[in-house]
Amino acid sequence: MNMLRHFFDDFMTFVPLQLPQLLDVTIMEEPQFYGDYALLTFPLRDSYDLEEVMDMFEDDMELITLYHHIPSHTVKFGHSTCAYSNPAFGQMFKMNCQTGADGKVDTILVTIYDSLEQMYGELCLDLDLHSKGGVFKYKKDKEDVLLNFL
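In this note's numbering, the protein residues as written are 1 to 150.
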């Protein structure tokens, strides 16, 4: 738990400054700490299109996109993405978001990990869960994800 607290403190010190429009610490919910990860919920002051959020993840944070998932082309709800930090940069977190009924993203979920093994396993699980239905507009193969962890 000490290492997790350290990774949480590092995240809170630097990352919200890089994504102030998405990660507003003044309105974030109380962090939830579990055994080997912490879950942070950041409600957004303004809603964004999913593609806008994905661009911010990539351009402002240099996050690696894991997937862009579309449950159904007939509805705006539930389109989702996951992006993760490059382990080579010394941080271990992923960010998830999905569209609401209006087709806009209004919340960012951040998971901070205390080990590379846990993070890799969770990324693979996230891919598996989204593979059960809908289609991927983009999906990183597990083998390619693994290469980021070597």
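Keep in mind the hints are simulated off the structure, nothing from the lab. All of these numbers come straight from a predicted model, not from anything done at the bench. A couple of the hints might just be wrong.
Quick list of in silico lysine-lysine cross-link-like pairs, DSS-like style, CA-CA up to 25 Å [stated by the list, open to error]:
1) K132 - K142
2) K140 - K104
3) K132 - K76
4) K139 - K104
5) K139 - K76
6) K104 - K132
7) K137 - K104
8) K76 - K104
9) K76 - K140
10) K137 - K76
Now the in silico label distances, taken between C-beta atoms and shown as ranges [what the hints assert, rightly or not]:
11) T65 - P20: 17 to 23 Å
12) K104 - E29: 18 to 24 Å
13) R5 - K137: 33 to 39 Å
Each residue gets a CB set at the ideal place from its N, CA and C atoms; glycine is no exception.
Hints, one by one, checked against the model:
| no. | hint | in the structure |
| --- | --- | --- |
| 1 | K132 - K142 | holds, 16 Å |
| 2 | K140 - K104 | holds, 23 Å |
| 3 | K132 - K76 | holds, 19 Å |
| 4 | K139 - K104 | holds, 21 Å |
| 5 | K139 - K76 | holds, 19 Å |
| 6 | K104 - K132 | holds, 23 Å |
| 7 | K137 - K104 | holds, 17 Å |
| 8 | K76 - K104 | holds, 8 Å |
| 9 | K76 - K140 | holds, 23 Å |
| 10 | K137 - K76 | holds, 14 Å |
| 11 | T65 - P20: 17 to 23 Å | holds, 21 Å |
| 12 | K104 - E29: 18 to 24 Å | holds, 19 Å |
| 13 | R5 - K137: 33 to 39 Å | holds, 36 Å |
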